[in-house]
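Student: Sequence:
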Amino acid sequence: MNDKLIHRGSAAIAFLVSFFVYLSTMAPTVSFWDCGEFIASSYKLAVPHPPGAPVYLLIGRIFSMLPIFTDIAARVNFISVISSAFTVLFLHLIIVHFIKDYLNNPLEGQKNIDPNEGFMRFVPHFGGLIGSLCFAFSYSFWFNAVEAEVYAISMFFTSIFVWLVLVWSDHAEERSRDRYLLVIAYLMGLAMGVHILNALVLPTLVMIVYYRKYETNIFSFIIMGIVGIALTALLYPGVVKEIPAIIQTTGFAGFGVFLVFLTLALAYFVQKKMDVPSLFFSSLLLIIIGYSSFMMVFIRSNLNPNIDENDPETIEAFISYINREQYGDHHFDREKRRQESPNGNRYKSSSDFFWNYQINEMYVRYFYWNFGGIEDTNDLSRERKRADASRFWFLPLILGAIGFAYHVFRDWKKALAVGVLFFMTGLAIVLYLNQPDPQPRERDYSYVGSFFAFSIWIGIGAAAILEMLTTALSKNDSVSNSPVAWIAALLMFVIPARMYSVNIHTHDRSGNYVASDYSYNMLINSEENAIIFTNGDNDTFPLWYLQEVEGVRTDVRVANLSLLNTSWYIKQLRDMEPKVPISLSDDQIKRVGLVPWPSSKNFEVPTIPDRIRAAEKREYQLSTGKDSVNIPEKIVFEVRPKLEGPMRGGERQGYLRVQDFMILNILASNRFEKPVYFAVTSSDQNRLDGLREYQRMDGLLFKVTTIPDWQLDAKTLHDNLINRFRYRNLNNPDVYYNENIIGLLQNYRSAFFRLATHYLSQQDKENFKVVINKMYEVMPPEVIPFTNSQFEEVLTSLAIMADVIPIDSLKSGEPQLRVFRALGEVGFNYKSMEDARFGYENLLDALENNDSQSPVIYEYMRSLYPRPQIYENAQPEQRKQAVEEETRQIRRMLVRVYRELSAYDEAIALLDKILIDQPSDNFAKTQLDQIKKLRSEQ
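In short: position in the sequence shown from 1, add 1, done, that's the working numbering.
No lab work stands behind these hints, which were simulated from the structure alone. Glycine residues also receive a C-beta, built at the ideal position from the N, C-alpha and C atoms. Any given hint could turn out to be false.
Here are the simulated lysine-lysine pairs, DSS-like style, with alpha carbons at most 30 Å apart [stated by the list, open to error]:
#1 K832 - K770
#2 K635 - K580
#3 K101 - K214
#4 K881 - K934
#5 K349 - K414
#6 K591 - K675
#7 K716 - K643
Simulated DEER-style distance windows between Cβ atoms [to be verified]:
#8 R653 - D685: 40 to 48 Å
#9 Q854 - D72: 52 to 60 Å
#10 D685 - Y866: 21 to 29 Å
#11 E326 - N3: 54 to 62 Å
#12 R693 - Q854: 38 to 46 Å
#13 N324 - T472: 52 to 60 Å
#14 D918 - N789: 43 to 51 Å
#15 D918 - P599: 22 to 30 Å
#16 K349 - D685: 46 to 54 Å
#17 R936 - I871: 35 to 43 Å
#18 L434 - K349: 16 to 24 Å
#19 K337 - N732: 42 to 50 Å
#20 E326 - N117: 55 to 63 Å
#21 P599 - Q440: 31 to 39 Å
Using the sequences and the hints given, assemble the complete structure.
Tutor: Right, dumping it as structure tokens:
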């Protein structure tokens, strides 16, 4: 078989397998986190969060116009699919190149098997396929490959840089060799317009050039290291940050002079035929040309798109944008970072914090996620997902370790270059970021470059085993074509196949519509011209996508509370349609900061217009059936300090955050002219203390009303939950939802619960059953598990009362004592006494007929305690007393149920039983007298 055909065929396999896997598992629409922002910004060529990604947005704009999918988001998602497949292709080519490098240069004294004959011709390609496919199906890379994020295309640039420098090394003696390095330079400038992580590949590129062109010794190695660091610094922060600084200092004219100087310098060195300086200045100019994509930020920001983060219309604002000043100061003091961290007290020292959190939790754990596997657990209470290396049978880790050792043995120079890539895109990022504990989300996507480097060693490890096997099978220096070698090669594909089979369910997002539907439901949940205060990325960016791309409810203004702490965002809310009522001038907005708020005090929204009060009164009367309601001309509510600042007069000073002050300003300026809502994802603190009394649940939003303690409008909530909301695939067991999404979806259950219990309190059994049936229909617990056991027990009780769950099912299998108890409580509270009777009778039966030390009673009793360890640590006699007390309480509740049901004989029998055990029980005596009297009156 022709070598070129083998090479192209194996590369095609790597590309096509990964491409079709990613395409089949691609998200069909918008996803959470930054995806909605990037898709909307691509579609409208807007300005996303710092430090921007103009090249990504330009590519996204092109893809958004291609008629390949009906959904615009899917078109932009497709960028990640195709760029990730090409990354796998280039990784395959890189591995093949490294393997062929050392095979064609055998060590002195090593048994020489011709790498171009027999089975050995296929060894590099088997290694390339195994390494590249292991990377293709690794957790973090696959996750990035199916959604609209910058990390997939960033990895494409990383892979093509390494591949191009290896191609250059093959042509290093040719006159046209430098064209490959010039292409790298231009692409590096473009890559800065995707993500600055691409700069971290430069030291590896420098090392490969150095090994090819220069003699290796201590002195030259040190020089190479200095050059690598200098070039990386020249790119970042050099070009990225200093060019804007030059323009700020000298203006665009000064920058033009700088470019003329570079051009003249290049012309001089070219004329003098000085190759190295010519290459340097050519590369620098090409990097600047590529980096010029950031001019798009100026151009588009000056056109004031709806998404215009940081408003970088000036050089000063642009420098702030590039420097990510919005996110606060960056520092390397680990002890200070530990003290700043909310979970910092978990760590004894800065070294403990650094090793156990920043290294182990934030890198090593992710490394094992990708090459060992994630634990297979449904425990949603876990703060962080653990790794479980046994899920991949330890094989990727073993192959990678073998590959590392063998690469060092056969070609230590290239192994060191790969090692530098592994370090720079892994632990070096950990050292630089100095992350606090906790993070708002898992950060494994930041280290995919490091996993890329390790996958090179996986491929080399596979090839090394095949090479050694071939050597062992060869006789008399003839090349072996033994079927054993072929079988071994094919068996190695079990490793990427295992990674695929383990990860496919969690990475298949082809049926996941949660972000789109949840955000759509939030928007349609609001009234016309509403203002919605949102909490963070996941309840903001998908809404931006729907408004900007799909044109859904563009009359609604989404106001992100985190961004509301910035002056540029406040000004945009005030000035851009749909406008938010804000009474501050430009100068006041510029000077806005922490507001002194020494102690808790009242705030009032004055002079509510009569027509709004009248409309709200009518709505309240229709909703509650109450005729008498007095709506004052103003509402008054308590606001407490949110932060503590420096000492004043011996006491710590209280403050409001900017976002708190702006909420108050908007409420006072708006005076209920526009409907105001808070997303249910907003924390209680963000919803401002006493203002919560005026917030009515309408589904996924709390509406600010003029009437306190108006819990819900049943008609509005019913219409939203039953008729208007989308719940696509929440009842599909084939679709995977991670713990973050499952937690978010509990908000639907909370809304269903509120509406169902409202109907129960009104004795509206028909609508109660409709609501509970709908809840279990659209998101059954088998697909969307509960995250709180007590909430699960209460909703299960409601489902039994609504005939959604057969009541007899509670008796099958292990006794569900907590559900029996919940059914008793809910049934009694909402006058469904037969259900209460069933629950309490079965619970009492279990308590009376099981030993107090039995497992079923033990688990039930410990679950009743807010701190279960109290029961766990109790003495046997104390546990027995606790069970007896619980039994007495359940007997008393059952007596009340019997009394409500007029089941007087059963009540008297139970009271007699209580008095036998406790003759002095006053409750039993009183109830016995009263019930006997009631029975006699029947």
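Student: Taking only the CA atoms, is the gap from K101 to K214 under or equal to 30 Å?
Tutor: 19 Å, holds
Student: Holds or violated: 31 to 39 Å for the Cβ distance of P599 and Q440?
Tutor: 33 Å, holds
Student: Go ahead and decide if the range 52 to 60 Å is satisfied by the Cβ distance of Q854 to D72.
Tutor: Holds: the Cβ-Cβ distance is about 59 Å, inside 52 to 60 Å.
Student: Do the Cβ positions of R936 and I871 conform to the proposed distance bound of 35 to 43 Å?
Tutor: At roughly 42 Å between Cβ atoms, I871 and R936 fall inside 35 to 43 Å, so the hint holds.
Student: Range hint 40 to 48 Å: satisfied by the CB atoms of R653 and D685?
Tutor: 22 Å, violated
Student: Assess, step by step, whether the Cα of K716 is no farther than 30 Å from the Cα of K643, and give holds or violated.
Tutor: Cα-Cα ~35 Å, so violated.
Student: Between K635 and K580, is the straight-line Cα distance small enough, at 30 Å or below?
Tutor: At roughly 23 Å apart (the allowed maximum being 30 Å), K580 and K635 satisfy the hint.
Student: Do the alpha carbons of K881 and K934 lie within 30 Å of each other, as the hint requires?
Tutor: Distance of about 35 Å is beyond 30 Å: violated.
Student: For the pair supplied as a hint, K832 and K770, confirm whether the alpha-carbon distance does not exceed 30 Å.
Tutor: Measuring from Cα to Cα gives roughly 15 Å; hence the hint holds.
Student: Is the hinted range of 46 to 54 Å satisfied by the C-beta distance from K349 to D685?
Tutor: Hint violated: Cβ distance 32 Å, outside 46 to 54 Å.
Student: Could you tell me whether the CB distance from R693 to Q854 stays inside 38 to 46 Å?
Tutor: 45 Å, holds
Student: So the hint says 55 to 63 Å: do the beta-carbon atoms of E326 and N117 match that?
Tutor: 57 Å, holds
Going through the hint list in order, the structure does not satisfy hints 4, 5, 7, 8, 14, 15 and 16.
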